[in-house]
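K.L.:
Residues per chain are reported as follows:
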Amino acid sequence: MSRASFIKNEPLRFAEITSSDHLYQKAPCGFISFLPDGSILRVNETLCNWLGLTEEKIYDLKFSSLLTKGGSLYYEMVITPLLNIRGFANEINFSFVGLNGNFDTLFNAVACYDEEGIIIAINATVQNITDRKKYEAELLLSKRYAEEEKRRFEFLSNTIPNLVWTAWPTGELNFINQKLKDYFGEHNINEYKKFSGVYREDRGSVVAAWDFCLKNGRKLEKEIRLHAKGKDPEWFLLRSEPYYDKEGSLVLWFGSFTSIHKQKLLQLANYSSLSSSLSIAHKTIDDNKEMFMKIAMNQSHMIRKPVANIMGLISLLNEIKISGEGHELLILLNKSVEELDMLIKEIVSHTKISL
Amino acid sequence: MSMNDTLLMSNIFKRNNVKVIGEGAQTLLFAHGFGCDQNTWRSVLAGFLDDYKIVVFDYVGSGCSDFEAYCPDRYSTLDGYVQDVLEICVELKLKDVIFIGHSVSSMIGLRASLQAPSFFSKLVFICPSPRYINDNGYYGGMEQDDLDALLEVMDNNYLGWSRPISSAEKYSVEIPVLDQHFTENFCTTDPEISRKFAQVTFSSDSRTYLSMARIPSLTLQGRDDMLTSEKVARYIQQYTPENRLCLLDTAGHFPQLSDPRAVISAIKDFID
Numbered sequence: 001m002s003r004a005s006f007i008k009n010e011p012l013r014f015a016e017i018t019s020s021d022h023l024y025q026k027a028p029c030g031f032i033s034f035l036p037d038g039s040i041l042r043v044n045e046t047l048c049n050w051l052g053l054t055e056e057k058i059y060d061l062k063f064s065s066l067l068t069k070g071g072s073l074y075y076e077m078v079i080t081p082l083l084n085i086r087g088f089a090n091e092i093n094f095s096f097v098g099l100n101g102n103f104d105t106l107f108n109a110v111a112c113y114d115e116e117g118i119i120i121a122i123n124a125t126v127q128n129i130t131d132r133k134k135y136e137a138e139l140l141l142s143k144r145y146a147e148e149e150k151r152r153f154e155f156l157s158n159t160i161p162n163l164v165w166t167a168w169p170t171g172e173l174n175f176i177n178q179k180l181k182d183y184f185g186e187h188n189i190n191e192y193k194k195f196s197g198v199y200r201e202d203r204g205s206v207v208a209a210w211d212f213c214l215k216n217g218r219k220l221e222k223e224i225r226l227h228a229k230g231k232d233p234e235w236f237l238l239r240s241e242p243y244y245d246k247e248g249s250l251v252l253w254f255g256s257f258t259s260i261h262k263q264k265l266l267q268l269a270n271y272s273s274l275s276s277s278l279s280i281a282h283k284t285i286d287d288n289k290e291m292f293m294k295i296a297m298n299q300s301h302m303i304r305k306p307v308a309n310i311m312g313l314i315s316l317l318n319e320i321k322i323s324g325e326g327h328e329l330l331i332l333l334n335k336s337v338e339e340l341d342m343l344i345k346e347i348v349s350h351t352k353i354s355l
Numbered sequence: 001m002s003m004n005d006t007l008l009m010s011n012i013f014k015r016n017n018v019k020v021i022g023e024g025a026q027t028l029l030f031a032h033g034f035g036c037d038q039n040t041w042r043s044v045l046a047g048f049l050d051d052y053k054i055v056v057f058d059y060v061g062s063g064c065s066d067f068e069a070y071c072p073d074r075y076s077t078l079d080g081y082v083q084d085v086l087e088i089c090v091e092l093k094l095k096d097v098i099f100i101g102h103s104v105s106s107m108i109g110l111r112a113s114l115q116a117p118s119f120f121s122k123l124v125f126i127c128p129s130p131r132y133i134n135d136n137g138y139y140g141g142m143e144q145d146d147l148d149a150l151l152e153v154m155d156n157n158y159l160g161w162s163r164p165i166s167s168a169e170k171y172s173v174e175i176p177v178l179d180q181h182f183t184e185n186f187c188t189t190d191p192e193i194s195r196k197f198a199q200v201t202f203s204s205d206s207r208t209y210l211s212m213a214r215i216p217s218l219t220l221q222g223r224d225d226m227l228t229s230e231k232v233a234r235y236i237q238q239y240t241p242e243n244r245l246c247l248l249d250t251a252g253h254f255p256q257l258s259d260p261r262a263v264i265s266a267i268k269d270f271i272d
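Listed in order, the protein sequences are those of chains A and B. Read in the working numbering, the first sequence has 97 at position 97, and its numbers run on one by one without any break. Read in the working numbering, the second sequence has 260 at position 260, and its numbers run on one by one without any break.
Where hints are given, some of them may not hold.
Unchecked claim - Interface residues of chain B toward chain A, partial, derived using beta-carbon atoms under 8 Å:
| # | residue |
| --- | --- |
| 1 | Thr40 |
| 2 | Arg42 |
| 3 | Leu49 |
| 4 | Tyr138 |
| 5 | Ala149 |
| 6 | Glu152 |
| 7 | Val153 |
| 8 | Asn157 |
| 9 | Leu257 |
| 10 | Ser258 |
Worth flagging that the hints you see were computed from the coordinates, not collected in a lab. Please read these numbers as outputs of a predicted model, since none were measured by experiment. Glycine included, C-beta positions come from ideal geometry on N, C-alpha and C.
Build out the structure end to end from the sequences listed, making use of the hints.
P.N.:
Put into C-alpha cells, the structure is as follows:
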C-alpha cells in the first residue's frame, strides 16, 4: 500500500500514529526533560514503563536519583560541566534504576540556554541497550583477559634469563623484556633501532638473515655478538620464530638472545688448540718427508756412481775381442745396466719435484 | 631571561595550556577540578576582567594540556598537581596571587600555599572537600563503594565520548560571554588519565593541612551537591584559621556554572 492510499483509506489512523504526542509518548526510546538542578519537567511513557514508575512519582524525584550511584556521581562531575560548557553529551552509558531491576542505556542530551547563555534545561533521550550491553560486557571482559595475559607473558619473560623480544610482522619491535632493557641500559623501546645492538662485524649478516626470515616467515637461528655501550661484544644465540594465529596469519615474532659467550669462547679455544696440534703434526710429516727425500737423493747418487762405472767398463769391454757367447752376454749386461740407470734417474727426478 | 628560561616558559605555557587575560595589578589564578578544564570558568571570568589579571590553565592530563607530559608517578598524588600550580606561578613570576580552586583544586591550592607562601595572598575554595570518603567518625559523604561504582561507570564510558587526544579532535567554539577575549577549545580526554585523576582525587586526604593555613580563605558551597556538602564546608571552617563560609542558594557541584552571578559577587565581597 502506498503512502497516498494509506492516508486516503485511514486518515484517522495516520493522524494518530504521526501525531507529536503519539511519537513522544510511544517512541521506542525514553524522553526526559529536566532543570539544571535535576528537577524533572517531563518524561514520556516509554521511560516511565522502563523505570516502572508513574509519571507523577517521577516528578517528585531528581534526575540523578534515577541513576545508579556511580552513574549519578559521573553525571554530576563529568556530564554537568560538559552540558554547561559544550551544550551536548552523546552516547553516555548510564545504568538506570528500574523497579524491575537496573537497565543499561545510552544517554544523549542537549542543553537549552536563555538569552545570556545560561543553561535553563536539559532534553535527553534514553535508549535501552540491556542486551547489547551484555555483549559489550563480554568484550570488555575479553579485553581485560587479553591485557592480563599480556601482563603474564611479560612477567614470565622477565623471570627467564634470556633477553626476550617480540616484533610485529613488519619487523618493528613490539615488546622487550626487562633483561634486554637492563643489558643495553635503555628502557625506551623506540630507541632500539634495527639490530643496532648487534656487534658491527655481525650486523650485516644478521640484518640480511632477519629480512629473509621476515619475507619468508621462516625461523631464524644464528650465533651473533651483541655489543652494549661500555661492554665488550658478547656471544649470543639469536632465535626467532613466527607465531601464527588460528587463521594461519603471521601475527607476531617471538625472539630471544641466549648467552653462549662462555661456551663460545671455550669452543673457540678448543678450535685453536686443535689447529695448533694439527700444524705440529703437519710439520713433523713435512720434516720426515724432507729427510726421506734427502736420503733418497743421497742414495740415488751413491748408486749411480757404481752404475756409471759398470757402464764405462762395458763400453771398454766392447772394444776387446770377445767370443760370440761372451758378446751376447755383454749385450744383455748393457741392457740391464741401462734399465737400472733409467730407474735411478726417474727416482731422482721424482724426488726433485717433490722437494 | 636566558634562552633556557624562555624555552621552559613556553613549555609550561603549552604544557598547562596557560592563558593570561586582563591587565589588573592583582592576579586571580583559577584552577579547575576533576572532570573538566579551564572552560568551567567561562561564566565567571567576565565579572573580573576589568579589574584583575586573570590566569587560567588546564592540569596536565585535562582539557587541552600536553598529554605527553603526563607522568603517572608525578600525578599519582595531589602533589603532582600542586607542582603544576607552583610551576605556573614561577614561570609567570606571580606573587600574592588570589587562588580560586574548584572542588579538588581547593585543597591543591591550600597545599601549594603551604609550600610557597609568598606566591599566595588569599584562597577561594568552591565546593571543597579535604576528604571525600567517610572515615572513622569523619563525614566526607562518600563510601569506598561509591568510588568503585564511579570508576565502573568511567570504564563503561571508555569506548564512548572519551577517546585519546589527537589534534584533529580539538575543536573551537565561540562563546558569547567572552567572545572578545578568547575562543574556547574543547579537547577529548584520555580515559586512563581521567580514571587515575578520579582515584587520586577521591583517595586524597588533606585534613591535616587545614590547620596549617596562614592566609585567609573563603569557602563557597551550594546545596544538593553529591560530592560534598555544607557539613564538609563547616568541618573546613572549624579547622582552618581565617576561613569564611558562604552558602549559596544553587544546586549541584558547579555553582560557577549554575549561578555565576552569586559566585562572582561572593568572591568580590571577599577579595575587594
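K.L.:
Honestly, which of those hints from before does the structure not fit?
P.N.:
3 and 4
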